[in-house]
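For the protein sequence lines, the chains are A and B, in the order given.
Take the first sequence: its letter number 40 is residue 39 in numbering that gives the first Met the number 0, and every next letter is one higher.
Take the second sequence: its letter number 78 is residue 77 in numbering that gives the first Met the number 0, and every next letter is one higher.
Since the hints were made in silico from the structure, they are not lab data.
The beta-carbon is built from N, C-alpha and C at its ideal position, and this holds for glycine as well.
Zero decoy hints are in this set.
Covered, in the sense of this in silico footprint (three residues per stretch, anywhere, with C-beta under 8 Å from a C-beta of chain A), are these stretches of chain B:
#, segment
1, 231 to 238
2, 266 to 280
3, 336 to 347
Only pairs whose alpha carbons sit at most 25 Å apart, straight line, appear in this in silico BS3-like list of lysine-lysine:
#, chain 1, residue 1, chain 2, residue 2
4, A, K69, A, K51
5, A, K51, B, K477
6, B, K236, A, K4
7, A, K51, B, K485
8, B, K240, A, K4
9, B, K236, A, K64
10, B, K360, B, K139
11, B, K496, A, K4
12, A, K76, A, K51
13, A, K51, B, K496
14, A, K64, B, K265
15, B, K236, A, K43
Facing chain A, from chain B, some residues (calculated, C-beta under 10 Å):
#, residue
16, S411
17, P444
18, M482
19, K485
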Amino acid sequence: MDYFKNYGLTDNDINDIIEYVDNDDMNNYYINELDIIDILNYFKEVGIINLKDILKYKSNIFYEKVDNIKRNIESRKDAIKLINEDVVNFELIGY
Amino acid sequence: MTLDEIIALKLKTLYDEIDRLTKENTSLNYEIDELTEVLLISEDFIHTMADNWANISLLDTKSMTDYLIKYGLYAYDKSEVEETFRIINIVYDAIKDGINTSLTDEQKAFIEGYIGNLIQMIKTINENIELKDKELKNNKNKTNEYDDLILNLEYLKEKISDALNEEILNEDDFHAFYSIVEDSSISNEIKKQAIIKFIKYNTDRLSNTPKNISRVSIDDIKDLFSSYGFNDLRSLKVIEKNKSELELRGNLQNINSILGFMNENKILNKFPLSVILSICIIGDYESVVQTYKKLSDENRLTDLYFQTPGVWINNPVKRKNGNKRIHRNPNLKDGPCSLYYSARRISLEDIDLNIKFLKEKGFDINLANGDKNMKLLTTPNYKIVSNYNICRKYGLYDGKVKNQVLTPLYGSNIEERLDNLVELGLLNGKNLSQSIYGDYVLRYPSSIVTIDQNHIMYLYYLRSMYDDKEYYSRIFSKSRIGMLTKENIPSFDSEEKTQKFNETNFVSFDDIPNFDIYNSLINENNEEYNEEVFHEKEIFDLERQFRVRDNDFVYYINGIIISRLKVLKVCSILRHNGIKIGKEEIMYALTKGMKLTKKSYNKIASSIGYNMEEIKNGLL
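The shape of chain A in the complex, shown without the other chains (with noise of 0.2 Å):
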């Protein structure tokens, strides 16, 4: 999972992830990197800070398509700015 790197995490993060995800979890990081990768430069993109917690505790929106989670932020304008406050919030979106 060295391509988290790209976004700001440390060794000790990328441990902290894998530690705590499951093996299905795992897969889909390693097999998906690049579908992965999509997905982080977009939160990225739209201002998303805390993607550890994301690839932490919400590895289910990683099994999304990139496009799907755009059209569900989108549908919510203070969207962003919760996730940021507390992944927890994607609850709010329906992940």
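Got chain A sorted already, so can you dock chain B onto it with the hints?
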């Protein structure tokens, strides 16, 4: 024939047999439903008539006569019966209008006979339902038996055919293999070949004779994929990333046949490339064709399936307890970072079971593209069912909350987490705290997954340090009402920090002599609490002294919240394992999974009268 071809032959007969049983069960279920409906309508008819025969005008005699003709023993003439009922209705209408008249003896005898025949029909239907239920049960038992055998044979086949697997065939493999020897439909010649090859396989493994691996060159694989249009940089990067696995597990002919079929049927571009790679190294042409046919016939060719390689491969359903071999990942050495893992993660049957289950429970699942639920739908069904039952037990998904967040359904160890959240005053806090705090988890169910162990540890610490008011003001956001804040939570960014904090602040439960023994019993036995546990004096005392009004989820002991469901479950398991429930066991059950400061621990101990020294000296 090679050994794996012989196994494939046996598997085919088993899959055919399961298909036959499934069709038979579908038809049996349909018949049982139909009979049950007739039964209910007929019983209702009889009850209504038992109240007053004049009710006949309210009843649908036409349908009832149809049922009697179809399911009863007596051959009725439909038009004759309807005519008799028409006249009877006229008589009752006349009586209703005040005319002095009554049914003739013949009409009375007709009604009595009709009801008598209905009672006889109900008896026959009940017998029929019972017979069909029995047949259904037998078929289900057979299906389960075949499922287990299929699972074992699939593992055996894979072990043999996997170029990377050098394990010898063990006792479990032999049991699966023996089903071939026992099968009278397989010729003796094939059985003989199979036995010789089984023995040779193990002899080769024991003498370290390597498997005959025909390694494919990555350049040939790239060329093949390029010929199907995967020649852009992104595609080549994905192929290169999985080079070693593709070279060892790939077979150009197999890959070509799969890609060719996908291309011909215009579905090739609907798959992400990583999914195609997984399918190509584990699946085969047959499994892809079968899945395509099934999904296409059922109009289900959607993103959900194109993004899930396991759907296109002959994967058995994952079951937690049904078969011990399910836990033995035959290619553990590859770990989750492999195409192999991706291919084996889930089966089409598991996804179908998930969809059926979630729909039955009333969840609104978007099946058109799986949007928002991809992880959930591709989680093994047993896990979703088990997590759902746990969530229901703790008050989630009771239909009262509109926003049905499904995250907890794929979480791991959520029961323990739910106990923690109850004890931290964030779930089921009725009559203990304001609902904005005490029902936090009901409002944000994904917090079951997003609050990690370090966070939980620190919340236990804060809870033992401060009174309720101060505790909640520290953990909830000041700017956003009802949201937890992580502002006051230190970052435990190394194991050492966490360990130090743990050792400095919390007790280690040395005071409970059988702590480790009880822990292993609880870990090995996952069962619901048994009502009989209430017969235990110690539980009776807890219930009497520490229950909270209108709250089934907590004991409140000297300011400390303890999950009641946890205590009942732990004590049930201990009882079930022949352990007498005394003070030590209650202390263990109460404190299990908690982080407790010495002060909090002593509070609980003194409240229930637990003193290890006195127990040792025989004073308690």
